[in-house]
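Line by line, the protein sequences are chains Z and G. The first sequence begins at 2 in this note's numbering and counts up one residue at a time. The second sequence begins at 186 in this note's numbering and counts up one residue at a time.
Treat the hints loosely; a few may be bogus.
Covered stretches of chain G (chain Z as the covering partner; in silico rule of three or more C-beta atoms under 8 Å from a C-beta of chain Z) [stated by the list, open to error]:
#, region
1, 195-206
2, 216-230
3, 251-259
Derived, one-sided and incomplete: chain Z residues facing chain G with beta-carbon distance under 8 Å [to be verified]:
#, residue
4, PRO220
5, ARG247
6, ARG250
7, LYS449
8, GLN480
FYI, nobody ran anything at the bench for these hints, they're computed from the structure. Because the structure is a prediction, the values reported are computed rather than measured. Where a beta carbon is used, it is the ideal one built from N, C-alpha and C, also for glycine.
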Amino acid sequence: MTAGSTLAQHLIRNASRAPERNAFLTREGDMQYGEFVARIGWTASRLRARGIEPGERILLCAPNSPEVAIAYFAIHWLGAVAVPVEPGIPEASLRWIFADCDARLAIVEGRETDLPEIVSLGAITAGSGPGPLRDPCCEPNDDADILYTTGTTGTRKGVVLTHGNILSAAVNITEFLRNGENDIEVVPLPLSHSFGLGRLRCMALNGNCVVLERNLSNPAGFLKQLVDLRATGLALVPSGFEILRRLTRDCIGTASTHLRYIEIGSMPMRDDTRGWLMRMLPDTRICHHYGLTEASRAAFTEYHSDADRPGTIGRAAPNVEITIRDEMLATVPARKTGEIVVRGAMVMREYWKRPDLTAAALSESGLRTGDHGYLDEDGYLYLLGREDDLINVGGLKVIPEEVEEKIRQYPGVRDAVCIGIPDPLGLSGQCVKAFIVADTPVSVAGLKAWLRGQLEEYKIPGVIEHCAEIPRTSSGKPQRYKLRELDGANGS
Amino acid sequence: MTNPDPVVALLRSSLQLTDDVPLDDAVELSAVPGWDSFAHVRLVIELEALLDRRLDMDEIVALTSIGDIRTLLNGNSAKSN
């Protein structure tokens with residue numbers, strides 16, 4: 002592990018060594034590391050002037066931009082705790098998170114909100130200001146972030162990560178990807194989720210340049226930018242590659258002369274797309290991680306190196322231990338299935354204000370992931386799936402109960418159950434399918450339009466089907482497996 | 186009896202839009218409710234099925250508004266006449 006006990010210290014070191022090196026490239030102009038760190042200091046100073054104390058929680062809700070990164074690290078600088086939240090989150094969910102984490106302030110951009118204490122991102126991160134906070138006030142065992150994740154019971158869980166956790170994760174990722182200070186990396190991933198945030202943290206560690214994109218809404222333009230910049234790194238979810246493949250054909254092959262590494266995560270990759278990517282980029286290190294918000298990047302596979310092991314999700318990441326355990330948490334031998342348990346310095350400290358969930362998840366053996374799989378004799382991990390009903394839409398998790406509850410509020414709908422089905426377009430892995438019971442047929446388009454005001458876009462069912470009755474147990478629980486069987490779909 | 190606009194009908198079908206969503210030629214695709222990269226792919230698939238051919242990248246990049254879709258379809262009609 003490189004010197005420095007927090008990412009904040011690594012940032013200062015990188016800016017001191019090469020203040021003129023580009024930190025961010027944007028259409029509005031480039032930002033060098035000297036300016037980046039100076040603005041972090043000014044922003045931290047402004048936050049302190051607003052009375053923010055170490056340990057207090059600050060929501061960060063804005064589309065990707067260098068200013069989001071400035072605000073994120075400024076919160077750390079002050080010793081406060083960052084709570085990144087997706088910018089499109091419904092207002093009710095935003096209010097819930099603000100209250101749950103007892104937030105002191107929300108830094109917001111690009112949306113209206115009724116939160117009690119807000120400041121605009123632009124105002125808090127503006128170019129210069131009062132004397133900057135020069136020395137970060139954070140220590141490795143201090144809380145750095147709370148990332149809210151979807152849980153199986155319908156209630157979000159706040160994953161508490163310390164500065165030691167996030168530095169350890171960044172070190173592990175970098176050790177596997179082998180990226181460094183001279184890399185130019187394109188990141189069209191939200192900084193409110195573990196994957197995108199992990200790339201930002203790696204940037205702080207390595208001192209490389211990042212091109213932040215808000216989304217992949219213009220795939221051809223995105224690819225052109227990747228090539229024009231001669232980017233050496235790319236982070237993207239599998240559905241993003243499906244979209245690039247579908248809309249730009251084999252044009253990603255033109256990046257093969259300069260793209261040194263790719264990091265992929267959040268969901269499995271289709272076998273044919275994996276093969277396509279390997280053919281397009283024969284010399285690129287194509288790294289796909291398995292991990293959780295609670296245990297960032299627990300395992301890695303590199304497509305070319307592991308080509309002779311179909312189906313594996315790789316081996317434990319550097320400095321990480323993975324074991325397979327039975328119900329009693331005893332280790333099972335190779336090729337025996339059980340629960341995947343992860344141990345490493347990047348594993349979360351706790352679930353925010355949920356000692357019960359924390360105790361259930363963390364043990365002396367490590368973090369119980371809830372995923373099932375097995376290890377082969379060489380330590381390669383194979384994932385078999387989850388027992389819960391979470392639906393994975395392009396890497397974003399959907400709790401079916403949440404969608405069902407909304408659908409039942411629509412006039413005319415008596416009952417509703419949702420399952421995950423393979424995405425008909427083959428892009429996002431799964432999509433949501435809703436079965437609805439209504440006294441008279443309900444307009445599918447009308448229901449979808451109404452849901453758009455209630456839920457994030459990825460949660461809206463791609464397929465809605467009327468049925469006479471929802472199969473349920475004697476205690477009233479929906480039997481989703483029966484619907485999956487009837488539908489002929491693979492729900493995992 | 187007027188025939189339904191084929192461009193509007195394609196968009197309402199592809200993106201599952203209700204009749205009250207305005208879809209005149211000036212509307213930018215990025216402003217259509219529910220527009221994202223997945224919607225983009227669905228639209229391309231429907232256009233290719235309608236045209237019975239694959240769109241090249243230049244044609245895909247040029248599709249930024251409802252009017253652009255109409256131009257594409259009208260241009261294809263002219264080619265086939």
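Evaluated hints:
With a cut-off of 8 Å between beta carbons, the region 195-206 of chain G has 5 residues touching chain Z; three or more are needed, and the interface restraint holds. For the region 216-230 of chain G, the stated coverage by chain Z holds: 11 residues have a C-beta nearer than 8 Å to a C-beta of that chain, and at least 3 were required. Counting residues of the region 251-259 of chain G whose CB lies closer than 8 Å to any CB of chain Z gives 0, which falls below the minimum of 3, so the coverage claim is violated. Annotation: PRO220(Z) was flagged as interfacial toward chain G, and the flag holds, the nearest CB pair being 6 Å apart, inside 8 Å.
Taken as an interface hint, ARG247(Z) checks out: its beta carbon lies about 5 Å from the nearest beta carbon of chain G, inside 8 Å. Hint status for ARG250(Z) relative to chain G: holds, with the closest Cβ pair at about 7 Å, below 8 Å. Using the Cβ-Cβ criterion of 8 Å, the hint placing LYS449(Z) at the interface with chain G is satisfied: the shortest such distance is roughly 5 Å. Interface restraint check: GLN480(Z) against chain G, minimum CB-CB distance 28 Å, threshold 8 Å, status violated.
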